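J.: Sequence:
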Amino acid sequence: MFRLKNARKLATDQRRKIASNKSLVSRLSSFVFVAALATLAPLSFAQQNSDIDAVKKRAALNSAKADLEEARKKRDMAVAARWKDRETANQERELFNEKYNESKEKVDALMSERARLFEDVRVAREDLAQVKLQAEKARAEYLSLAAGPERLETLAKFAEQGIPFKIADRVEAQNKVKKEMGLYRDDPVRIAIALLNVAKGELAFTREIQLENAELVFGSAVAQGNRLRLGGLYAMQMANAVDINGLHPAALMLPVAGEKKRAFSWQENLTPDTKSEISKAFTSSKDSAYSMVPVDVLLSTELSSEMANHQEKTWKDELREFFKNGGILMYPIVTLFALGLLVALWRFVWLMVVGFGGLSTRRCIKALKKGDIDTARQLSAKAHGKVGKVLKTVLAKNYAGREGAEKALEELFSADVPKLESGLTWISVFAATAPLLGLLGTVMGMIELFDVITMHGTSDPKLLAGGISIALVTTEAGLIVAIPLQLIHTFLMNRADALRTRMESAGLTVLNALWIKEK
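Numbering-wise (my numbering), the sequence shown opens with residue 88 and increments by one.
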């Protein structure tokens, strides 16, 4: 670009020089003309004029030729300079175009790189926005990990369910964690560590075994003695001195059912066996590596009440309690059992009576087998029972043939055989109905249990005991009734089948003895 400007400037200077030379040539021509006029002045005016004109013309022609030649040279020089300048300009233009193209390519590359960088920046911004969103989400999730007061409520509930020892220290530790939950909501790790430390403390408390000598309170009296604690599960104490009965006063820390929740208290009204076990536990804790401690691991108020106020029960009391726990369905179950036993007893006695034929029946059958028909007729008159009745039916009458005797026996069997199984079906019905009643009691008990759970929840086991007892006791009672009745039914059916077989055998014996002999 710079060289192109220089070439233009040189061409302008050449044109200016050519114009100044032309003005110089014109001045010289005027001077020569004036000199020629002064020289030819004496000549005649006409000749002088013609000569002057010729000279002028020649001088003008020469001057013109010189000027023309000079102008031609200058023109050639100017043209040559112009062509040189043009060539230089073309070279500079080509060089400029090359540099321009190179610069344009670089600019295009830079623009492409700029567009790519803008796209990368846009993608990076989108990624950054996504990362920020994920970071906020992760932070929200992280902050949501912070334990709330409900965790402490769970630990407090565990503390309330155990025996009341070290309550002040445990409550202070929980209150400290509750305060940190309010101050450090944005640091869930710190809250979790504090909560974990409290839980570890509660766990360590539950496995502590503490044996100490202290002043013990028994009612309104204070005595020196030993106290043993097994974590948060159990505690017992026993005085060193003996009372008026010669026993060491002892007490157990037992749960007692309250209005809203379970409460623990020292129970002193213990049975002699329990006091003896407490004394053995304290003695063995001093002398041996281990000791047997009477403890209720379920912390049940009902079991605790039984341990503190245990009474010996007779089998009648236990049966009465069993009947009471079963509920209203125990009445039909017991009724079925009683009816089944009565029917079984009646049928057993009846089968024994009708099945006993006496000595005459056996002798009659022996006589028939020997072929002594007359003796058999005489003995059949004294025979008893169903077998004796079969013998009498054939031997008491003189039938013309075997067909008549067989018809008589068929009538006898069709009338008496159904009587053998009469009543046994009722025993089977009673045996099958009793478990169904027990199952009905199970369903009723489960319905009652779920009603209790719906109203009161599962926190108090005592409320659930009623439904569970009905559900289990009625099923047990139904099976207790069904199993023996089913066995009795099978036994009586076998007795009836045996008697029917004896009747059939006696009938065939008498028929064969009479009519086979005749043939």
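Among the hints, erroneous ones may be present.
[Unchecked claim] Okay, the calculated beta carbon distance ranges per label pair:
(1) 182 with 216: 43 to 51 Å
(2) 443 with 516: 23 to 31 Å
(3) 244 with 208: 34 to 42 Å
Note that these hints are calculated values from the structure, not bench results.
Given the structure is predicted, the values throughout are model-derived calculations rather than measurements.
Each residue gets a CB set at the ideal place from its N, CA and C atoms; glycine is no exception.
J.: Against this structure, judge whether each hint is valid.
T.: Taking the hints in turn, this is what the structure says about them:
For residue 182 and residue 216, the Cβ-Cβ distance of about 50 Å falls inside the hinted range of 43 to 51 Å, so the restraint holds. Checked against the hint of 23 to 31 Å, the pair residue 443 and residue 516 passes, with Cβ atoms roughly 28 Å apart. About 57 Å separates the C-beta atoms of residue 244 and residue 208, a value inconsistent with the hinted range of 34 to 42 Å.
The structure fails hint 3 only (numbered hints given earlier).
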